[in-house]
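Chemist: Those protein sequences? They're chains H and P, same order as listed.
Just so we're aligned: 31 in the working numbering is position 31 of the first sequence, and the numbers increase by one with no gaps anywhere.
To convert, take the position in the second sequence, counting from 1, and add 98; that gives the working numbering.
Simulated from the structure, these hints should not be mistaken for lab results.
Cβ atoms here follow ideal geometry from the backbone N, Cα and C, with glycine treated the same way.
Keep in mind that a hint or two might mislead.
FRET-style restraints, in silico, Cβ to Cβ [claimed, not checked]:
no. : chain 1 : residue 1 : chain 2 : residue 2 : range
1   : H       : 85        : P       : 504       : 33 to 41 Å
2   : H       : 34        : P       : 201       : 39 to 47 Å
3   : H       : 7         : P       : 277       : 49 to 57 Å
4   : H       : 85        : P       : 251       : 53 to 61 Å
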Amino acid sequence: MLLIECPHCGPREQTEFTCGGEGHIVRPDPATATDAEWGHYLFMRKNPKGLHYERWFHAHGCRQWFHAARSTVTHEIFAIYGIDEPPPAIDANKAGSR
Amino acid sequence: MAKMKYSIFSLLRQARDYHRGWPKAWRSPEPKPSYDVIIIGGGGHGLATAYYLAKEHGITNVAVLEKGWLGGGNTGRNTTIVRSNYLWDESAHLYEHSLKLFEGLSQDLNYNVMFSQRGVINLAHNEHDLKELSRRGHACRLNGIDYEMISAEQIKQIAPIINISKNIRYPVLGGSIQRRAGNARHDAVAWGYARRADEFGIDIIQNCEVTGIDIENGRVTGVQTTRGPIKARKIGAVPAGHATVVGNMAGLTLPVESHPLQAMVSEPIKPVLDTVIMSNTVHVYISQSDKGELVLGAGIDGFNSYAQRGSLDVIEHQLEALCDLYPIVKRLRIMRTWGGIVDTCPDASPIVSKTPVEGFYMNCGWGTGGFKATPGSGWVFAHTIAQDRPHRLNEAFDLKRFETGFLIDEHGAAAVAH
Ligand SMILES: Cc1cc2nc3c(=O)[nH]c(=O)nc-3n(C[C@H](O)[C@H](O)[C@H](O)COP(=O)(O)OP(=O)(O)OC[C@H]3O[C@@H](n4cnc5c(N)ncnc54)[C@H](O)[C@@H]3O)c2cc1C
Ligand SMILES: [Zn+2]
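Bound-form chain H, shown alone (with noise of 0.2 Å):
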């Protein structure tokens, strides 16, 4: 079980979060977007062994949503960021991508 910093509140028991799985997703434009594309967009995901930029939803909290880096493969968090920030740069060795 993860203990998780949510930038509003604090560290917190992660049974009070959800995840939202990979960040940064761009969402394509619908109009021209092909259908390769489009699915591509709907259901394919990096799903990394190591480091994983991914969404948290506060659920039973503040009821916000934030980013965190963190390892696939030790659970550590790296870093915790806004909704709205890009990914900060890590050391993929230091998140165990193997």
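Assemble the complex: chain H is given as a structure, and chain P with the ligands must be docked to it using the hints.
Modeler: Okay, now just chain P with the ligands, sitting in the frame of chain H:
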């Protein structure tokens, strides 16, 4: 390689000699420089694929490469529920084909996979559950799959330990049963396939991790492994939780995400339950092993993970539901908990497919419920690799469906993770 036939006579003969004469069930060969087909992943699905390549298609110059030990992945971690009561025609036919193969598997493999058709019950706790179950039941019966709706009282008759009182948070309103469903011994399925594949001359190579896939002009030529490069004309990947990692080696992006899924067993007790009972709504399922342990399955953790362990709150949640439904378990101790990494797909259906890379085939996305499909998955995947086109039974499970929108939404039939 001629193998000893397992039978009551071989057992008696070996017993007389204090079981010292059993031969190895399969060889541990060094990898050859090249093969016709390489299978990545020595779980049940990979080993079944190798077996059916030999048996159905006469292709025996095959290696199965496994990074750990045989069946050490989800094959050896699952709760062994086998059933075929899925909603859509595509899934129903595929899982039913698999269930039929299970029915003759011990004979076919000359290996006791302990397939026990003890029935699988699904519980309904609200109006919606009842409707979902009966809708699925009608669909199943149209597909020739046995399925009955049963009342709470009938369930109580089959499983006296269940609490059907109206005064619990999620009372049991009724349910469904597939009587031909049940469970099987997971290790035996992997070992049985391995032994028979080996008999056909297929090389099963453990402790051999694939680290790269060689592609020339859009066609596979071989793999890089921790035991050196190996050439191959065709490669079939069946890496379950590591689908993305292996897919990426061939330049593919996949719609799967890896999550931990947990299960546990209680201390062993006398026989109290001779069927399998699952509940989607309160998310718990239970059966009893031959050793007497109650086998309990939980849900997945909500975040992506490759660590083979899940969170405690998931287990707590599940055990709360369990105690409500089966009050006699309250004072049992949990003996072991463990996790596996499952490859979940957006429509809760697998991908058994050709890929844009020629000679590279992908079999993944079985998520929380692929044990039941082991024989069927191997069977259709072998066909897909051998013929370079899918079998009728798996053509809908193509990677392309995430582009065409032809999803096979089985979230109802696969809601509880098993
Ligand atoms: C707790 C739990 C309970 C479950 N309960 C049920 C159930 O009741 N009923 C049901 O039908 N299903 C169930 N499942 C799901 C089922 O276990 C899986 O869908 C199924 O086992 C997948 O089969 P497999 O043989 O493909 O996977 P695995 O046994 O995981 O095999 C994949 C293999 O690939 C290997 N591999 C990965 N990457 C590489 C590489 N780069 N090089 C070499 N080898 C590699 C892995 O080491 C692994 O051994 C459960 C799963 C879990 C975790
Ligand atoms: Zn908060």
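Chemist: Run every hint past the structure and note whether it holds.
Modeler: Comparing the hints with the structure gives:
no., hint, result
1, H:85 to P:504: 33 to 41 Å, "holds, 37 Å"
2, H:34 to P:201: 39 to 47 Å, "holds, 45 Å"
3, H:7 to P:277: 49 to 57 Å, "holds, 54 Å"
4, H:85 to P:251: 53 to 61 Å, "holds, 58 Å"
In summary, the structure agrees with every hint in the numbered list given earlier.
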